[in-house]
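Here the protein sequences come in this chain order: A and H. Numbers given in our numbering equal positions in the first sequence, counted from 1, plus 2. Numbers given in our numbering equal positions in the second sequence, counted from 1, plus 1.
Possibly wrong hints are sitting among the right ones.
To be verified - Below 20 Å or equal to it, Euclidean Cα-Cα: the simulated SDA-like pairs (lysine to any residue) are:
(1) A:K40 with A:S74
(2) A:K38 with A:A89
(3) A:K21 with A:K43
(4) A:K43 with H:G17
(5) H:K106 with A:Q39
(6) A:K43 with H:G55
(7) A:K40 with H:S82
(8) A:K40 with H:A103
(9) H:K46 with A:V99
(10) A:K24 with A:H79
(11) A:K24 with A:I58
(12) A:K42 with H:A18
(13) A:K11 with A:L56
(14) A:K11 with A:I58
(15) H:K43 with A:A41
(16) A:K38 with H:F12
(17) H:K46 with A:A89
If you are wondering where the hints come from, they were derived from the structure by calculation, not from laboratory data.
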Amino acid sequence: DTEVTQTPKHLVMGMTNKKSLKCEQHMGHRAMYWYKQKAKKPPELMFVYSYEKLSINESVPSRFSPECPNSSLLNLHLHALQPEDSALYLCASSQEVRTGELFFGEGSRLTVL
Amino acid sequence: RKEVEQDPGPFNVPEGATVAFNCTYSNSASQSFFWYRQDCRKEPKLLMSVYSSGNEDGRFTAQLNRASQYISLLIRDSKLSDSATYLCVVTMDSNYQLIWGAGTKLIIKP
């Protein structure tokens, strides 16, 4: 069982909808991440939070808006998405940034119609 | 040239056989190395870290060759449950950067 929990597991939304993806970890990790993964491709980094502060934004379009309410929670707010944004969105955590030992949630599979 | 390269496979291997695959990296400043496995439509899971001295965990052995800039993963006595995509990850200490290979697909056949 994964110790990083993501909800919802599946999400279908229209291009005008606003939705949020949620992620929670209780391992005391200080770094949390959002990744996007398309079929047959490796995960692609979107955002990194370190000690609840955004430390990396990989030039992600503003229709994706991350939020870290506290050290255990990470949200990804979605607005005006495009069909090409359909993908598996993975949350991960690690003890600190600068480590390659990440723990992933099961992901939220997003379909944009 | 990609920063981290893997043979995409698939590697079709009979159950019980030994299989090995490599991952090459282009930046000699790379510091840390990892293998992840990802089952179909699931999340990646850390399989093992790769130390300079190598690392063994049961049937799995990871090696680092800095001179030739590659890491390897050896799986002995392969099981059906080893079927997955194996992704290598390389990091640099100079900045936070986690570079993922595209993965090698392994299929273990009965």
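Comparing the hints with the structure gives:
1. This hinted pair does not check out: K40 (chain A) and S74 (chain A) have alpha carbons roughly 26 Å apart, beyond 20 Å.
2. Between K38 (chain A) and A89 (chain A) the alpha-carbon distance is near 7 Å, which keeps this suggested pair within the 20 Å criterion.
3. With a C-alpha separation of about 25 Å, the suggested pairing of K21 (chain A) with K43 (chain A) is violated against the 20 Å cut-off.
4. Distance check on the hinted pair: K43 (chain A) and G17 (chain H) sit about 28 Å apart at the alpha-carbon level, beyond 20 Å; violated.
5. Taking the CA atoms of K106 (chain H) and Q39 (chain A), the gap is about 16 Å. The hint holds against a cut of 20 Å.
6. About 27 Å separates the Cα atoms of K43 (chain A) and G55 (chain H), which puts this hinted pair outside 20 Å; it is violated.
7. For the proposed pair K40 (chain A) and S82 (chain H), the alpha carbon gap of about 23 Å is over 20 Å, so the pair is violated.
8. For the hint linking K40 (chain A) to A103 (chain H), the alpha-carbon distance of about 11 Å falls within 20 Å, and the restraint holds.
9. Taken as a hint, the K46 (chain H) and V99 (chain A) pair is honoured in the structure, with Cα atoms around 17 Å apart against an allowance of 20 Å.
10. Of the supplied pair hints, the one linking K24 (chain A) and H79 (chain A) holds, its CA atoms being roughly 9 Å apart against a limit of 20 Å.
11. With a C-alpha separation of about 19 Å, the suggested pair K24 (chain A) and I58 (chain A) falls inside the 20 Å cut-off, and the hint holds.
12. As the CA atoms of K42 (chain A) and A18 (chain H) are separated by approximately 25 Å, the hinted pair breaks the 20 Å bound.
13. Distance hint between K11 (chain A) and L56 (chain A) is unfulfilled; the C-alpha atoms sit about 24 Å from each other, more than 20 Å.
14. At roughly 25 Å between alpha-carbon atoms, K11 (chain A) and I58 (chain A) are farther apart than 20 Å, so this suggested pair is violated.
15. A hinted pair counts as satisfied when its Cα atoms are at most 20 Å apart, and K43 (chain H) with A41 (chain A) qualifies at roughly 11 Å.
16. Between K38 (chain A) and F12 (chain H) the CA atoms are separated by roughly 26 Å; this puts the pair beyond 20 Å, and the hint is violated.
17. In summary, the hint linking K46 (chain H) to A89 (chain A) is supported, as the alpha carbons are separated by about 18 Å, within the 20 Å threshold.
Comparing the model with each earlier hint shows violations of hints 1, 3, 4, 6, 7, 12, 13, 14, 16; every other hint is respected.
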